[in-house]
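Colleague: Residues per chain are reported as follows:
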Amino acid sequence: MKVRLLLAGLALACAVPVLHAQTPEEKGLEIAREADRRGEGFGDFQADMRMVLITQRGDTSERELRVSTLEGTGEEGDKSLTIFDTPRDVRGTALLTYSYKTGDDDQWLYLPALRRVKTIASRNKSGPFMGSEFSFEDMRGQEVEKYTYKYLRDEPCSELTCFVMERYPTDENSGYTKQIAWIDQKEYRTWKVEYYDRKESHLKTLTMSDFARYQDKFWQPGKMAMVNHQTGKATDLFWSNYRYDTGLSEADFNQNSLKRAR
Amino acid sequence: MIVLLRQTLVALLVLPSLAAGWEFRGETGLEGRYFTQASPYEAADYSTNSSLYLKGEVFHEWNNRDDQFIFIPYARVDENDSERTHADIRELSWIHVGSGWESRVGIRKVFWGVTEGRHLVDIINQTDLVDQVDGEEKLGQPMLNLSTVRDWGIVDLFVLPGFRERTYAGEEGRPRTPLPVSDHARYESGAEDKRVDVAFRYQQYFNNGLELALSHFSGTSREPLLLPEALSPQQLQSLLLTGSLPAGSDPELVPLYNVIDQTGLELQYLNNGWLWKLEAITRSGQGDRFTALDGGFEYTQVGVLDSAADLGWLLEYLWEDRDALLASPFQDDVLLATRFTFNDVASTEILAGVIYDLENDEKAINLESSRRFGNNLKASLEARFYTDTAKPLSASELYLSALQGRAENPGLSPVSRSDFIQAEVVYYF
Numbered sequence: 001m002k003v004r005l006l007l008a009g010l011a012l013a014c015a016v017p018v019l020h021a022q023t024p025e026e027k028g029l030e031i032a033r034e035a036d037r038r039g040e041g042f043g044d045f046q047a048d049m050r051m052v053l054i055t056q057r058g059d060t061s062e063r064e065l066r067v068s069t070l071e072g073t074g075e076e077g078d079k080s081l082t083i084f085d086t087p088r089d090v091r092g093t094a095l096l097t098y099s100y101k102t103g104d105d106d107q108w109l110y111l112p113a114l115r116r117v118k119t120i121a122s123r124n125k126s127g128p129f130m131g132s133e134f135s136f137e138d139m140r141g142q143e144v145e146k147y148t149y150k151y152l153r154d155e156p157c158s159e160l161t162c163f164v165m166e167r168y169p170t171d172e173n174s175g176y177t178k179q180i181a182w183i184d185q186k187e188y189r190t191w192k193v194e195y196y197d198r199k200e201s202h203l204k205t206l207t208m209s210d211f212a213r214y215q216d217k218f219w220q221p222g223k224m225a226m227v228n229h230q231t232g233k234a235t236d237l238f239w240s241n242y243r244y245d246t247g248l249s250e251a252d253f254n255q256n257s258l259k260r261a262r
Numbered sequence: 001m002i003v004l005l006r007q008t009l010v011a012l013l014v015l016p017s018l019a020a021g022w023e024f025r026g027e028t029g030l031e032g033r034y035f036t037q038a039s040p041y042e043a044a045d046y047s048t049n050s051s052l053y054l055k056g057e058v059f060h061e062w063n064n065r066d067d068q069f070i071f072i073p074y075a076r077v078d079e080n081d082s083e084r085t086h087a088d089i090r091e092l093s094w095i096h097v098g099s100g101w102e103s104r105v106g107i108r109k110v111f112w113g114v115t116e117g118r119h120l121v122d123i124i125n126q127t128d129l130v131d132q133v134d135g136e137e138k139l140g141q142p143m144l145n146l147s148t149v150r151d152w153g154i155v156d157l158f159v160l161p162g163f164r165e166r167t168y169a170g171e172e173g174r175p176r177t178p179l180p181v182s183d184h185a186r187y188e189s190g191a192e193d194k195r196v197d198v199a200f201r202y203q204q205y206f207n208n209g210l211e212l213a214l215s216h217f218s219g220t221s222r223e224p225l226l227l228p229e230a231l232s233p234q235q236l237q238s239l240l241l242t243g244s245l246p247a248g249s250d251p252e253l254v255p256l257y258n259v260i261d262q263t264g265l266e267l268q269y270l271n272n273g274w275l276w277k278l279e280a281i282t283r284s285g286q287g288d289r290f291t292a293l294d295g296g297f298e299y300t301q302v303g304v305l306d307s308a309a310d311l312g313w314l315l316e317y318l319w320e321d322r323d324a325l326l327a328s329p330f331q332d333d334v335l336l337a338t339r340f341t342f343n344d345v346a347s348t349e350i351l352a353g354v355i356y357d358l359e360n361d362e363k364a365i366n367l368e369s370s371r372r373f374g375n376n377l378k379a380s381l382e383a384r385f386y387t388d389t390a391k392p393l394s395a396s397e398l399y400l401s402a403l404q405g406r407a408e409n410p411g412l413s414p415v416s417r418s419d420f421i422q423a424e425v426v427y428y429f
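Same order as they appear, the protein sequences are chains A and B. Going by the UniProt record's numbering, the first sequence opens with residue 1, and the numbers climb by one from there. Going by the UniProt record's numbering, the second sequence opens with residue 1, and the numbers climb by one from there.
What the hints contain is simulated information worked out from the structure, not anything from laboratory work. Fair warning: there could be bad hints in the mix.
Said to hold, decoys possible - In the DSS-like style, the derived pairs of lysine-lysine whose C-alpha atoms are separated by at most 27 Å in a straight line are:
#1 Lys-186/A x Lys-150/A
#2 Lys-125/A x Lys-223/A
#3 Lys-101/A x Lys-391/B
#4 Lys-259/A x Lys-363/B
#5 Lys-194/B x Lys-118/A
#6 Lys-55/B x Lys-109/B
#7 Lys-194/B x Lys-109/B
#8 Lys-27/A x Lys-259/A
#9 Lys-55/B x Lys-259/A
#10 Lys-259/A x Lys-125/A
#11 Lys-192/A x Lys-27/A
#12 Lys-118/A x Lys-150/A
Said to hold, decoys possible - Beta-carbon label-pair distances, calculated as ranges:
#13 Glu-188/B x Glu-172/A: 54 to 62 Å
#14 Asp-48/A x Ser-99/B: 37 to 45 Å
#15 Thr-36/B x Thr-148/A: 35 to 43 Å
#16 Gly-285/B x Thr-170/A: 33 to 41 Å
We treat Cβ as the ideally placed atom computed from N, Cα and C, and that holds for glycine.
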């Protein structure tokens with residue numbers, strides 16, 4: 001099972017020629033499963049992320065962090081370690097996440113000044129990640145089970161053709177009632193997602209670009225731009241230094257390794 | 001001061017270019033305090049105080065990250081309290097990571113525990129109490145620590161050569177002890193501060209939300225008993241006849257460090273956003289064996305008032321059954337705290353907490369707020385208030401009550417009459 005933390009969100013899929021009367025819900029699920037299948041088998045990867053927070057007035061501030069992810073085997077979810085480099089006052093803070101297909105993730109935060117590991121109790125899904133326009137749930141793995149789906153239509157997206165489908169979070173703590181995703185029919189990359197809040201009004205739009213292929217197989221966006229239509233604020237994520245097969249193992253994702261994360 | 005600061009910063013910023021593969025970083029903080037009450041002690045009768053600290057960090061890793069070296073020097077300068085002007089090596093250690101185990105050798109800091117009200121189980125490092133009145137600041141402890149990770153848990157073994165004495169505010173410090181604390185500590189162990197102490201801890205995480213740790217420490221207590229020093233026959237005579245010590249007597253409190261055995265339990269259970277916590281210890285070797293505990297829960301309301309902000313709640317009950325003569329202020333207390341997290345770009349937070357002593361009807365109130373400015377600067381405002389109205393005992397009264405064998409819950413008397421408001425700016429580089 002893959003839970004590409006911090007990236008995902010993105011992939012969904014279909015494939016499988018439609019032979020007979022398939023409901024839009026069935027077709028949506030099929031697209032999601034195929035996108036999920038294409039992201040499987042990555043083993044482990046590491047990447048760097050730069051986050052640019054943009055206010056309505058255009059003022060910017062930045063955060064930098066590094067992510068390591070180990071793919072779960074069998075029924076296990078992925079494990080990931082995020083290390084914050086800036087802003088300076090949170091430098092060295094590290095977040096260890098065990099994700100699960102269903103139910104809440106387990107998360108521990110290492111506070112270097114206190115040399116203390118704290119269990120994160122909050123079931124905060126809709127809250128902002130590091131003060132950005134990305135919420136915690138936007139940054140988490142997008143497993144098939146976390147939504148129900150409904151295919152809407154095919155639509156051209158740049159030179160490609162995209163499936164357009166709706167997905168509805170199954171988690172009652174989600175900040176969204178609905179998302180609309182644009183997924184290309186060739187590689188099952190997600191190019192755009194529209195987010196609808198609990199009042200069902202259009203809250204945010206995420207646009208992905210600068211895709212690159214790794215290991216001849218895995219497509220990752222170089223840029224993810226989130227715009228909040230209600231506040232006028234925006235956040236750009238720039239991904240770099242993607243590395244696969246870096247030799248990570250379970251030993252890199254326990255409390256001892258969390259305490260010496262750098 | 002600013003010029004000196006800048007020169008120091010420049011010097012530290014230039015260093016990295018001299019040594020590739022090494023990381024140099026640090027932080028410096030300037031703190032100003034305003035005391036809202038007159039001090040009962042002549043030597044500490046001032047209403048404002050400023051203080052500056054500098055903390056460096058040198059880090060190097062090699063052998064494909066399986067070896068790490070870290071050095072953290074720390075120094076603080078205080079305007080009034082010469083005891084608070086001090087320096088320490090917080091860390092100077094080498095970590096080696098093997099397959100399923102790691103060794104950590106040198107001066108280090110280790111934290112154990114889950115609660116916020118009181119860190120009962122945390123015992124490896126000595127508290128740098130003069131630095132921070134909340135006891136969260138620790139002195140570096142020399143150690144050999146072997147840690148092994150297994151499916152059934154993580155086991156840590158510690159050998160702790162060398163003991164660090166607790167730091168206390170001096171005569172000119174605020175807040176301070178009723179009598180100044182002597183530099184000549186007494187030890188139960190013949191080896192005094194050279195005794196080699198040992199400890200172990202086992203911890204396990206169960207994926208149903210339960211976390212558990214068991215620990216044991218055998219060695220010199222980090223927490224001393226503070227005993228009024230023995231009086232001379234003349235002083236005693238004067239005290240008994242006139243009710244007060246002769247003029248010019250400056251008795252001190254002498255720290256006595258016993259050899260203790262302490263077993264600790266940490267339990268944490270996360271269910272549906274409720275984080276239940278318990279810390280308990282039993283200690284022998286310092287008076288009668290006693291038990292102490294701190295237990296409660298933490299819960300966070302997310303997206304309050306239709307905003308991105310979170311509102312966290314913390315409720316803990318603190319209890320101990322120690323002899324009244326040796327009791328801590330936390331015999332029967334409740335901690336209630338709330339934290340408002342704005343989740344904004346500046347990471348703005350406001351925290352309010354109260355410890356209420358159910359026995360003495362005293363409250364210690366703490367307000368804190370902080371936010372970031374730009375990328376490298378963090379500012380905080382803090383206020384600490386103690387509602388006890390008792391005037392701290394004078395030296396003569398202290399000895400008289402000891403002679404009469406009156407044993408009372410000390411409550412918050414050591415910190416009474418030292419309410420303060422504090423502003424601090426920390427620069428990270």
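Colleague: For each hint, tell me whether it holds in the structure or not.
Modeller: Results of checking the hints against the structure:
1. Restraint check: the Cα-Cα separation between Lys-186/A and Lys-150/A comes to about 19 Å, which is no more than 27 Å; the hinted pair holds.
2. Taken as a hint, the Lys-125/A and Lys-223/A pair is honoured in the structure, with Cα atoms around 22 Å apart against an allowance of 27 Å.
3. Distance restraint check for Lys-101/A and Lys-391/B: the Cα-Cα separation of roughly 60 Å exceeds the 27 Å cut-off, and the hinted pair is therefore not satisfied.
4. In summary, the hint linking Lys-259/A to Lys-363/B is not supported, as the alpha carbons are separated by about 35 Å, beyond the 27 Å threshold.
5. With a C-alpha separation of about 33 Å, the suggested pair Lys-194/B and Lys-118/A falls outside the 27 Å cut-off, and the hint is violated.
6. Distance hint between Lys-55/B and Lys-109/B is fulfilled; the C-alpha atoms sit about 14 Å from each other, no more than 27 Å.
7. At roughly 19 Å between alpha-carbon atoms, Lys-194/B and Lys-109/B fall within 27 Å of each other, so this suggested pair holds.
8. Distance hint between Lys-27/A and Lys-259/A is unfulfilled; the C-alpha atoms sit about 45 Å from each other, more than 27 Å.
9. Between Lys-55/B and Lys-259/A the alpha-carbon distance is near 20 Å, which keeps this suggested pair within the 27 Å criterion.
10. A hinted pair counts as satisfied when its Cα atoms are at most 27 Å apart, and Lys-259/A with Lys-125/A qualifies at roughly 25 Å.
11. Straight-line distance between C-alpha atoms of Lys-192/A and Lys-27/A comes to about 19 Å, which keeps the hinted pair within the 27 Å bound.
12. Note on Lys-118/A and Lys-150/A: the hinted pairing is violated, with a Cα-Cα distance of about 39 Å set against a maximum of 27 Å.
13. Glu-188/B and Glu-172/A have their C-beta atoms about 58 Å apart, which keeps the hinted 54 to 62 Å range intact.
14. At about 28 Å, the CB distance of Asp-48/A to Ser-99/B disagrees with the hint of 37 to 45 Å.
15. Between Thr-36/B and Thr-148/A the beta carbons are some 59 Å apart, a value that contradicts the proposed interval 35 to 43 Å.
16. Hint check: Gly-285/B to Thr-170/A, Cβ distance near 55 Å, so the stated range 33 to 41 Å is violated.
In summary, the structure is inconsistent with hints 3, 4, 5, 8, 12, 14, 15 and 16 from the numbered list given earlier, while agreeing with the others.
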